[in-house]
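Chains Z and W, in that order, are what the protein sequence lines are.
Take my numbering: the final residue in the first sequence is number 283, and no numbers are missing along the way.
Take my numbering: the final residue in the second sequence is number 283, and no numbers are missing along the way.
Hints in this document: simulated from the structure, not taken from any laboratory.
Where hints are given, some of them may not hold.
Note that identical chains are pooled: a pair holds if it fits in a single copy or bridges any two copies.
Claimed, not checked - Derived SDA-like pairs: lysine to any residue, alpha-carbon spacing no greater than 25 Å straight-line:
#, residue 1, residue 2
1, Lys147, Glu258
2, Lys12, Ile24
3, Lys81, Pro35
4, Lys147, Ile24
5, Lys192, Gln159
6, Lys66, Lys192
Protein chains: 2
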Amino acid sequence: MLIGGIEAGGTKFVCAVGDENGNIIDKVSFLTRQPDETLDEVKKFFDNHPIEALGVGSFGPVDLNKDSQSFGTILNTPKPKWKNYNLLGRLKKDFHIPLSLDTDVNAACLGEYKYGIGSDVKSCLYITVGTGIGAGLVQEGNTFQGKNHSEMGHILVQQHSDDFSFNGSCPYHGTCLEGLASGTAIEARYGKKGILLADDEKVWEMEAFYLAQAILNYFVMLSPERIIIGGGVMKQQNLYAIVRENFLELMNGYLEVENVDELIVAPSLEDEQGIKGAIALTI
Amino acid sequence: MLIGGIEAGGTKFVCAVGDENGNIIDKVSFLTRQPDETLDEVKKFFDNHPIEALGVGSFGPVDLNKDSQSFGTILNTPKPKWKNYNLLGRLKKDFHIPLSLDTDVNAACLGEYKYGIGSDVKSCLYITVGTGIGAGLVQEGNTFQGKNHSEMGHILVQQHSDDFSFNGSCPYHGTCLEGLASGTAIEARYGKKGILLADDEKVWEMEAFYLAQAILNYFVMLSPERIIIGGGVMKQQNLYAIVRENFLELMNGYLEVENVDELIVAPSLEDEQGIKGAIALTI
Ligand SMILES: Nc1ncnc2c1ncn2[C@@H]1O[C@H](COP(=O)(O)OP(=O)(O)O)[C@@H](O)[C@H]1O
Ligand SMILES: Nc1ncnc2c1ncn2[C@@H]1O[C@H](COP(=O)(O)OP(=O)(O)O)[C@@H](O)[C@H]1O
Ligand SMILES: [Zn+2]
Ligand SMILES: [Zn+2]
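Looking at chain Z on its own, in the form it has when it is part of the complex (with noise of 0.2 Å):
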């Protein structure tokens, strides 16, 4: 069986067709513009292939309450044209066929649990930590959504001590985590992209106190056996060391973790969790 699969994001939009088992016969990618456009390119790559089904990760917040009247419509968003899109309205009267739609970061975790690094465990949380900060879990095989979704990436946590004088660069919170220690807050703290502070160690100390202090939350919320953190910022390989010795000693003994090297990891798909994922929320 032929399984589609969207990976919508804000940036760029990438359609697969695949099967049950993770594998991917054709992929293709483009920049997100206006929604109609957007989609029509999405229609465009599907009509050569005779998908049964299609699963979604979309970027957000979407609506993802059923009982909702804006089930599927895009919510809040900075991107113009696209806040309150109805996304799967539109996918409705392109696509007559079983629909899955979830969050961008559910999908990714689920590509994980099922193909990647989680697959060995029962729960995992995947986290990005990109433009913006977003979570999401997978426990049992489900991802997990509560009465609409979560954005996980907006809560708050302790700010550094030599961070006072930043407000943070979210449009909402300003020192929400997102506002503090996504790529975008990065830059608008230092005045230079995220790359080209690599040998700055303060700059990734203090971005590992902030993503520790939410894996913390995360953890003695969610207790996830598997935390993944991914995105454009985790380019940073030496920040997973440093972000591990944080948690430990955040965690100070309260709740026992085995082995903090298998617990917070990288992950594993090669920048395909998020669309082999979306393919399998079909499934």
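Chain W with the ligands: place on chain Z using the hints.
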């Protein structure tokens, strides 16, 4: 069918016999002493009742991972003799009937979900602000459990700028939420019990500052339809209004909150949510 319930608290134990509809037929409560003494008393109470199942909502942290060797054991606790006590093991020896074990806060949450102020929604979170802080989540009738258990009271939040001199009361994390906002924290900060500070507005403004942050974190992560806050500290009734106000301010329109007065509420079962929920765990 008669069902037993135990609300196993660090200060007191409540045992009750009830039915599937939330009715309580007999109830007893006694102080928590040494583990085996306490469990002797539990056995004595139920010896007079032909219960067919037993549900337990326990203080914690308690190991809820069914794959773990220490499943059903109390983990890190400052309570002497209870650390590493195999609660479920002892109950299994005394009761040869189906046993259901969960955290005290999950049980309380289930009680309100089934019989109280959560009975008209699909998911609710129950937060208790007492000697410590804990929270439990129920979605579609099921309590939420991670690999192990969640200890949501120990999340990190931003410290109030007037509070930087306070080191927090959590023995593990200092200034985690519990360390900043539990009844114990209030007493440590001001040198007086909360009840004696009733007329000091600043105390409750700071308390609401922390609780609202925690609720924001819980809300963006778990997206429950209703958030019930109970526990001794919430006897300070005026807190509800300030917490709601602070929460909306922090959210700043990011996620829609239809009606904050229906989102953030007080419990409705007059201290029976825990024991009714414990009984309901078996259903
Ligand atoms: N090597 C790097 N070191 C630090 N930050 C990086 C690096 N590469 C990319 N970034 C940052 O990651 C962010 C982009 O993240 P990415 O996950 O690629 O995209 P998106 O989140 O938009 O999907 C940008 O803020 C960028 O500056
Ligand atoms: N009216 C009140 N105002 C403020 N704090 C109170 C009040 N009543 C009790 N507390 C505080 O609540 C805590 C006890 O909480 P409670 O939920 O009754 O017990 P526990 O958490 O041990 O089960 C104590 O720290 C106590 O000082
Ligand atoms: Zn934010
Ligand atoms: Zn703590």
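Verification of the hints:
1. Taking identical chains as interchangeable, the C-alpha atoms of Lys147 and Glu258 lie at most 25 Å apart only when they sit on different chains, with a minimum of 13 Å there against 33 Å within one chain.
2. Within a single copy, Lys12 and Ile24 get their C-alpha atoms as close as 18 Å, which meets the 25 Å cut-off; across copies the closest is 57 Å, which misses it.
3. In this homomeric assembly, Lys81 and Pro35 come within 25 Å of each other (Cα to Cα) only inside a single copy, at 7 Å, whereas the closest approach across copies is 62 Å.
4. When the C-alpha separation of Lys147 and Ile24 is checked against a cutoff of 25 Å, the pair qualifies neither within a copy, at 32 Å, nor between copies, at 31 Å.
5. In this assembly of identical chains, Lys192 and Gln159 lie within 25 Å of each other by CA distance solely inside one copy; the values are 21 Å within and 29 Å between copies.
6. Proximity of Lys66 to Lys192 under the C-alpha cut-off of 25 Å is found in neither arrangement, the shortest distances being 42 Å within a copy and 48 Å between copies.
Of the numbered hints listed earlier, those contradicted by the structure are 4, 6.
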